[in-house]
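The listed protein sequences derive, respectively, from chains A and B. Position one of the first sequence corresponds to residue 1 (my numbering), numbered consecutively onward. Position one of the second sequence corresponds to residue 1 (my numbering), numbered consecutively onward.
Careful: at least some of the hints might be erroneous.
[Said to hold, decoys possible] Simulated restraints on C-beta separations:
| hint | chain 1 | residue 1 | chain 2 | residue 2 | range |
| --- | --- | --- | --- | --- | --- |
| 1 | A | Asp22 | B | Asn341 | 49 to 55 Å |
| 2 | B | Asp369 | A | Val12 | 25 to 31 Å |
| 3 | A | Asn108 | B | Ser419 | 48 to 54 Å |
[Unchecked claim] Just a sample of chain A residues kept apart from chain B, beta carbon distances all over 10 Å, derived:
| hint | residue |
| --- | --- |
| 4 | Asp28 |
| 5 | Gly146 |
| 6 | Leu178 |
Hints in this document: simulated from the structure, not taken from any laboratory. If you're wondering where the values come from, they're calculated on a predicted model, not measured in any experiment. Every residue gets a Cβ at the ideal spot worked out from N, C-alpha and C, and that includes glycine.
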Amino acid sequence: MSLIIKDLHVNVEGVEIVKGVDLEVKDDEIVALMGPNGSGKSSLANVILGNPKYTVVKGEILYKEKNILELKPHERAKLGLFLSFQYPQEISGVTVFNFLRTAYNSLNGKKISVLDFKRLLEEKMNLLKMDKNFMNRYLNEGFSGGEKKRAEILQLAVLNPSLAILDETDSGIDIDSLKIVANGINNLKDKKSMLLITHYNRILQYIKPNRVYIMINGRIVDEGGYKLADEIEENGYKKYL
Amino acid sequence: MINQYQKPARYALSKIELKMEVNERIKEMFEHRNPDKHILKFEPGLNEDVVRNISKNKNEPEWMLNFRLKAFEVYKQKPVPQWGADLSRLDTEKITYFAIPDAKHNSKSWDDVPEDIKNTFKRLGIPEAEQKYLAGVGGQYDSINIYHKLKQELEKKGIIFEDMDVALQKYPELVKEYFMTKCIPITLHKYVALHGAVWSGGTFIYVPENVKLEQPLQAYFRMNTESFGQFEHTLIIVEKNAEVSYIEGCSSPKYNSSSLHAGCVELYVKEGARLRYSSAENWSNNTYNLNTKRAIVEKNGTIEWITANLGSKVSMVYPCSILKGENARADHLSIGYAGKNQEQDIGAKVYHLAPNTTSIVKSKSISKDGGIARYRGLLHVNKNAVNSKSKVQCDALMLDNISKSDTIPVIEIKQDKSSIAHEATVGKISDEQIFYLMSRGLTEEQATQMIVNGFIEPIVKELPIEYALELNRLIELEIEGSLG
Ligand SMILES: Nc1ncnc2c1ncn2[C@@H]1O[C@H](COP(=O)(O)OP(=O)(O)OP(=O)(O)O)[C@@H](O)[C@H]1O
Ligand SMILES: [Mg+2]
């Protein structure tokens, strides 16, 4: 059931930015991915979901024992993959409600009634202490940085994937929001694997990772337990540079 | 705002039923053709006899015949416009200019309408809408109105809602005063002159002083015949402090040869009056749509245009507001969609002729599969129009690399005490947005549809729910490519 990445090389606009990555997220495992700006973390996350901007030149990505490289993004989503984006897109004129209901129906292959979906959405919004008005707002349009992050976690909660990649969901949110978001994530965590991309061990205090990977310049350069995150927090990445 | 009728809950439980209805309506719009059953159908082509015979057939007063003949002379002299869309393949000699279906004129009951025609209008949803929320309905089929009815209690208030042909007989003074005189003169351009010569049917509305209609009036213009020309005339007079909302729907089944639609819409908005004119033109994509629409707005009056142009091979439609009195206001909202082999040359014209006049123009266009969507606008502020305000916003969205989009705004300002803002955005649909939605489980098609529906939402939300759903569905079908 786990996510396995083998010797992955990725180009964007002809430049290699992921240069041979091996990485694994086992069932029910929480794995942190840390690394300096520009090291290729978001690129890796985008490639896992199939962003066509990135070209895989070599390597494999397996999920649930399936080679997913040939799958379209929505097919990957149907397999249970989810990415909470570092920079979520704004979609004008499309309400959070309509968007999420369409996505929910599409993933589950059946139609949920408007009333049932409203109930589900309200329940998850409560969990994340979100104002109900957000469901009628246009998707991410005019949301503050922190609101966008919270809306991503709302989507995660509603769509209920089996593997969630969180790309800097903890950046740009205040300490109270972080607690709410982390608490929300912990409430969903059962039977979910997670890849947490982060710069700080702050979030890792709430969501304890089983393992930590360090990525530098397109490569995984170190791997360790939770303590590795503390070490980075203290000393930065200089020992790898 | 005249919008009481348009605020049913967005998530009403009947929405699924509505959607099914909408699907049926759209199928009817473009696919279903009734057999050709006319009691009179002219041979294709245009000459003075055609003009005379139309008038004779309708038993028109002499002045109208003379008016038609004069218009025909102007038509012959005027050149085909060399700007705008490509009209070189429009062969006016192959068009049939007049056809009377085998049906009673202006029935007051749908039961009196022949079965096949009635079924067409039923599937287009007209009788049902009439029952649910309209104050009156007119239905034109080729050259003739086969149905026309206003709620009785409204007649008592002095509101006139008639087939234009009937109005000419019943209210000759009003027609003589307003018909193609001050608002749209026959000399405006070639196809207006053509319209003057061969016009038939359409709508006449007169709303007396201080009368406010809550429910809208609607007319539906259906072209059934191949290689046909439809030339309906809409004339609306809204007297001082009166209010009305009027909706026009148009469609035709698809044929291989070209059809022509050259209607005329003349709107008079008197002092303190309000008029909301909405139209959804869904002509099949073998149609040349050269429709001319103009409003004259007096002091404190407001005109609102909400227009959608989806079908047609070629459209050249530029609703025009003449803000003649102080504080007059015009709102133009429009949506255009150009798919394969389609050219939408649409826009808005506003003339600010008096102080403190306001205009807002919002235009959204979408192009796909090589379609051409062009915004062509004119904003004129004359030297009397001090303290006038105008805001023009046009957004174009292209769904692929082969489609085209263009913005051609002309701005003429004769004084400097007014505020003018013009913004235009042209962009290709964003790959990152598509990816974002797809990563949540939507197919590429669903993602595209969602982004497009969001793009036009600011305008669609001004429409009654039935029309909003219809428009969204039409665009969905265009994107799926299933309208062909
Ligand atoms: N479209 C592109 N064209 C050129 N270079 C790109 C493009 N997209 C990403 N890159 C480059 O790829 C590298 C990796 O970027 P990526 O966003 O994956 O880094 P990151 O590890 O997520 O950084 P951060 O911690 O700042 O979020 C960067 O140097 C970036 O500039
Ligand atoms: Mg990043």
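Going through the hints against the structure:
1. A/Asp22 x B/Asn341: 49 to 55 Å: 52 Å, holds
2. B/Asp369 x A/Val12: 25 to 31 Å: About 29 Å separates the Cβ atoms of B/Asp369 and A/Val12, which means 25 to 31 Å holds.
3. A/Asn108 x B/Ser419: 48 to 54 Å: At roughly 51 Å between Cβ atoms, B/Ser419 and A/Asn108 fall inside 48 to 54 Å, so the hint holds.
4. Asp28: A/Asp28 clear of chain B: closest Cβ-Cβ about 22 Å, beyond 10 Å.
5. Gly146: Check passes; 19 Å lies beyond 10 Å.
6. Leu178: 23 Å, holds
Violated hints for the displayed structure: none, as all numbered hints are satisfied.
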